Structures are given as C-alpha cells and as structure tokens.
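K.L.:
Listed below, chain by chain, are the residues.
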Amino acid sequence: MKTVLDLIENLAQVAEHGITEHDRRGKPKLARSYAEVVARARRIGAALLEAGVAPGDPVFLQLPNGLQLVETFLGAVLAGALPCCLAPPRALGGIEAFQQRIAGLFSAFPAAHLVADEETGEATGKPYLLPPDPADDAPACPPREVDPEEIAFLQLTSGTTQSPRGVRISHRALLANMNGITEGGRRQATDAYVSWLPLYHDMGLVGLMFCALYTQCPLYLFRPETFVARPLAWLQTIAGLKDRTVISTAPNFAYQHCVNALPPEKLAGLDLSNWRLAGCGAERVRPETVDAFVARFGPHGFRAEAFLPCYGMAEATLAVTFTLRDHPPLVVDGHVSCGRPVLDTEIVIRDEAGAPVPDGTDGQITVRGPALCSGYTGDATVPPPVRDGWLQTGDRGYLKDGELYVTGRYKDLIIVEGHNVDPDEIEFHGDQVVELPACRSGAFAVDVDGRERAVLVVECGGKETPEALAEWADAIQSRVASALGFTLYDLAFLRRGGLPTTSSGKVQRGKLRDRYLADALTFLWQQRALKETP
Amino acid sequence: MTPAEEKALEILSTVCNVPREKLVPEARLIQDLDIDSVVTLDLLMELEESLGIDIPEVKAAEMQTVGDVLTYVRENPGE
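From first to last, the protein sequence lines stand for chains A and B. Its first residue numbered 1, the first sequence is counted upward by one per residue in our numbering. Its first residue numbered 535, the second sequence is counted upward by one per residue in our numbering.
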C-alpha cells in the first residue's frame, strides 16, 4: 500500500465493516459498509470532475461529520483534487467571521471549489457545489496512477483569516503516519474506532478516520457538538461495543470535561474495560487531568495504561510520538511523557543555534521522518516548516530515556480547546478597534485553572478616559467573541510604546507574557482587575 | 410571549446559570452572559430537544443575543 488510492482499492473489498454516522443527539443515523463507501466515493469523484473540479484544485468541504463528508473527501482524492475540511461557522454570532474566512480562502486559493449544503453555501455568498449524490448507476471516477510524492490533501493550520495557511500532505506522508500510528497503537483485528473529533482537525481526520480505513476496522462517527453537550454519550458508545476493543482519542480538555461534567452518580453501570487505547493529544497533556480521569473512571473499568498521551501536528501529518504501553503515563517534574517517536521518525532537541542538546536538556523539538508535510500553501509570508529535512516544530521540550516531554512553546500560538489560534488573529481586532497610529497589540496564552486562555494587551494614546477604554474593550471582546467564539480572559490597555518590541518593531509576545505574569506592566485600564474587584 | 419563548428563557437561565432578569433581549450571549463553547453547545442541544426544533448551523451562527434566540423559537415552532 503506497498511496491513498491503494488504500481505497483495498477497502472496496470490505463488506463486513464500515462507517456508522450519528445524528446530533448521538443516535445512529446511517451505516454503510466500506465497500459501499468506496463505490459511492468513486461516483462522487466522477461527479466532481463533471462539475468542473480539475486535478490539483483545492476542494473545501464544509460538511458535518458523517458518511457524506468521508465519501466526498475520498471522491476528491480519487479525482486528483486536494480535499480540505473546513470548520463550520461558530454558533452564537460566528456568521460574519465565517463569511470572511471563506472569502479569505477564495482569495488565497483562486482555483478552489467549495462543497456545502444549500443553507451554508448560500450564507457564504460565494459560488459553491452541493455535495454530489450520484445514483447507483452513475459513472465511476476513472482509475489513475499516482506517485506517492503527489499531494493527497490539505490541512488548514493556524494562519489567519487574511492569510489562511494549508499544510500539503503527500500520499507517502499519510501512509507512513498511519503505519506509525497503528504500529505504535499495537493494532488488533478486534479494534473499533469511536470518533467525535471533527475531520477538519488532524487528529480526527488522520488519527481516527484514516486509521480506521487503513486497518479496515469499524468507525463510529459522531458530531463534535454531541460530545461537548453530552459527554456521557461518548463513554456509553465505547462501553456499548462489548465485542470490540475500542480506540478513541481526544484533546486534554475533553477528558477534563468528562471529569467535570460526570459525577460518580451519573456513571452507574458504565463499563469501560474494552477501551483499549485512549489517545490524548492536540494540546498539552496535564498530569492533573490524567490523574482525575483515571480516578473517576478507573472504578468503571478504565485502565490507566490505556491512556496514551501523544504529540504531533498537522505539519507532521499528525503523530510524532504515539506509543501504547503496559504502564500508566509517566509524569516527571509535572510534565507528562508523550512517549517515543512513531516508526522511522526521529526527534532531536536543539538549542537556539540549532545544535543538538544532551538528554534531559530543554530545547526546540525538531523532527525528521517519512510523514513530514510537503510544505505550506497559501500564506507566502511564513518560512517553510521543514528545513534541511527537519521539521522546526516551534515547541519546547526535552528527551529523557527516549521519551518526549513537552514543556512549552517558542512559537506564538494559543491553543484553546485543541484548536490553534494565531495571536495575529486576536491582535487584528485590537488594532481594528483602536485605530491609532503606532499603537500595537500583543496576544498570548495563559494557564487558567488548567485551561489555556488568551490575553490581549493593547496600546492606546494614554489620554483616553477609563470609560472610553472600557468601551473599546467591549468592542474588542465582541469582535473576538464573534470571530473566534470565546472571550479573552483578560484585556488591558497601556500607553503607546509600552509593549516590548524587537529592534525592527515586532511585538515580543513571549516577553510581554512574562511581564504580564510578573505583574510588571503599568496598565491604564485592565478588565480582569475590574472584574475581580467586588 | 409565546410558550416556546417562555420555555427558551427558562432553558437560557438554567443552562447559562443566569438569573431571568438579566436575560434582556439585547444581552449578548457569549460576551454579556460570558458563556463558553461548552455551554453554547449545551444550550443549543437543550433548545432543540425541549422544544422539538432543529436549529441549523448557519441559523445558530446568526444568533447573537437573547432576542435572536427568542425570535428564532417564535418563528420556528416545534412539533
């Protein structure tokens, strides 16, 4: 198996397993065998070509987690186009931000096509294709040869609305990563995958959906909102698959959410002993969460050794480390071990000059291996992520006895509930509201009760009244809420020139964060302080 | 106020943990009521289940205020 087309070809023979999709309330809605999924994907591929999609064109898929999305994704790969799943508009006020995001995508990728249902498609104000639903006797996509180095799909990574950034993933990289993940997870014929992770997230797309297809195991696909609103449904689905061993992965916040939302009295009768692999990645894995989850669900059959903290990123297709073990996760100095690198992948920790550092020393995590991406597309302003064969992750960590411990981040990135947010995306709103010459803003992440949250510090003229600053703050919070779906943990103003900058005038977000945490900034107005005053 | 709007207010108050008197039509859900993404999704699911309605993604994204929610449930009666 060298390409996704080989994977699809093999899957066409599988009639005994397939995909079951669930509605928003978590009820099984539709099930198809893999053989049927492939047959439909082939017809959808032909329909996409017929609709004017050309090989190499990006095809953005704005569809909910379900069979239609999987089939359209595979159909686009068969057609030689570059599928890329998109996040939906955010509930409660996200419509404008969604329209801007789609407009940004079309200007960055002029050859792109958008596939969406009618309601969503109309709301974008852009041309769109309805998801093809060809009849059973419709023609199938003609077979074609592909080189494993050819790009199979795109994953959108942080970037901003104005400069969206796609990670290019080759057939070779995807196959190598699926092999690494399933080997590291000690694949078994009895496995079933349960996923509520969105397919626009690398962990949902590669780690669960594609790994299920690769191993030809059953896949139970849920909507993310079902899990968030009803976390017990996730655990009950896993527990209900009595004759299977279950693989289900989620970011740290999800495990914490289960602990917070599900007190012991709600868990009567729950038996999680068949949950073989509970991956935890996409954001920092917190020892408190691991302990709390094991303490709450251990009495319900959850085995601590099933907990598999891992590390990865879209630029490495997905997983960099992924090792199932016979013991509970290791915790050293408050950091959870993310395990060993996946097959054929190397990690080297480097100092600022790029030289490897000794075991146990903190530095930048760099990665080499067959699953690295083929670079970015779209945003031309960022340096290529892979240099001389090594992925510069921008993350900080150390290796000890061959295991990776992630300790922090060099890159400026804010991760809210498993989703990467570029600080630019937040600062943009500060700049748009204040609109004074030479006033800048800086956004960074802080830890609040075990969760990562965003803080924005904005420069102002210095003579504004507190009332005027409060009004600006309200306007900024409002814009951030509708664009990103969360509010800033804190928002503060300081006098023009108060932000630490480099000699070229770039805001030093790391330094700003350090000073903020050390209480070493003189604010003219600060939201958090006001909120905390009774 | 229709029974559906009454019910929606009750759900808003319970799920968002906000007293009824703060649920004025112009109150913005994320910003003024300070609800996060978990509460947002819980709220939508509760509204759908209790009122027997379906709130499509785009409609949910257009709602910003308490008033928007009430308008939607008034104009889209359930089963």
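Don't read these hints as lab results, they were simulated from the structure. A portion of the hints provided could be inaccurate.
Claimed, not checked - Cut-off 27 Å, straight-line C-alpha distance, at most; resulting in silico cross-link-like pairs (DSSO-like, lysine-lysine):
1) A:Lys-266 with A:Lys-411
2) A:Lys-242 with A:Lys-29
3) A:Lys-411 with A:Lys-400
4) B:Lys-556 with A:Lys-266
5) B:Lys-556 with B:Lys-541
6) B:Lys-593 with A:Lys-29
7) B:Lys-556 with B:Lys-593
8) A:Lys-2 with A:Lys-29
9) A:Lys-266 with A:Lys-29
10) A:Lys-463 with A:Lys-506
11) B:Lys-593 with A:Lys-27
12) B:Lys-556 with A:Lys-27
13) A:Lys-506 with A:Lys-411
14) A:Lys-27 with A:Lys-411
15) B:Lys-541 with A:Lys-126
Unchecked claim - If we take Cβ atoms under 8 Å as the criterion, some of the chain B residues that face chain A in the derived model are:
16) Val-558
17) Ile-564
18) Thr-574
19) Asp-576
20) Met-579
21) Ala-595
22) Met-597
23) Arg-608
Here the structure is a predicted model, which means the values were calculated and not measured. Each residue gets a CB set at the ideal place from its N, CA and C atoms; glycine is no exception.
K.L.:
Hint by hint, say whether it matches the structure.
P.N.:
We went through each hint and held it up to the structure:
no., hint, result
1, A:Lys-266 with A:Lys-411, "violated (41 Å)"
2, A:Lys-242 with A:Lys-29, "holds (20 Å)"
3, A:Lys-411 with A:Lys-400, "holds (23 Å)"
4, B:Lys-556 with A:Lys-266, "violated (31 Å)"
5, B:Lys-556 with B:Lys-541, "holds (16 Å)"
6, B:Lys-593 with A:Lys-29, "holds (22 Å)"
7, B:Lys-556 with B:Lys-593, "holds (23 Å)"
8, A:Lys-2 with A:Lys-29, "violated (33 Å)"
9, A:Lys-266 with A:Lys-29, "holds (25 Å)"
10, A:Lys-463 with A:Lys-506, "holds (24 Å)"
11, B:Lys-593 with A:Lys-27, "holds (22 Å)"
12, B:Lys-556 with A:Lys-27, "violated (35 Å)"
13, A:Lys-506 with A:Lys-411, "holds (14 Å)"
14, A:Lys-27 with A:Lys-411, "violated (41 Å)"
15, B:Lys-541 with A:Lys-126, "violated (37 Å)"
16, Val-558, "violated (16 Å)"
17, Ile-564, "holds (4 Å)"
18, Thr-574, "holds (5 Å)"
19, Asp-576, "holds (5 Å)"
20, Met-579, "holds (4 Å)"
21, Ala-595, "holds (4 Å)"
22, Met-597, "holds (5 Å)"
23, Arg-608, "violated (18 Å)"
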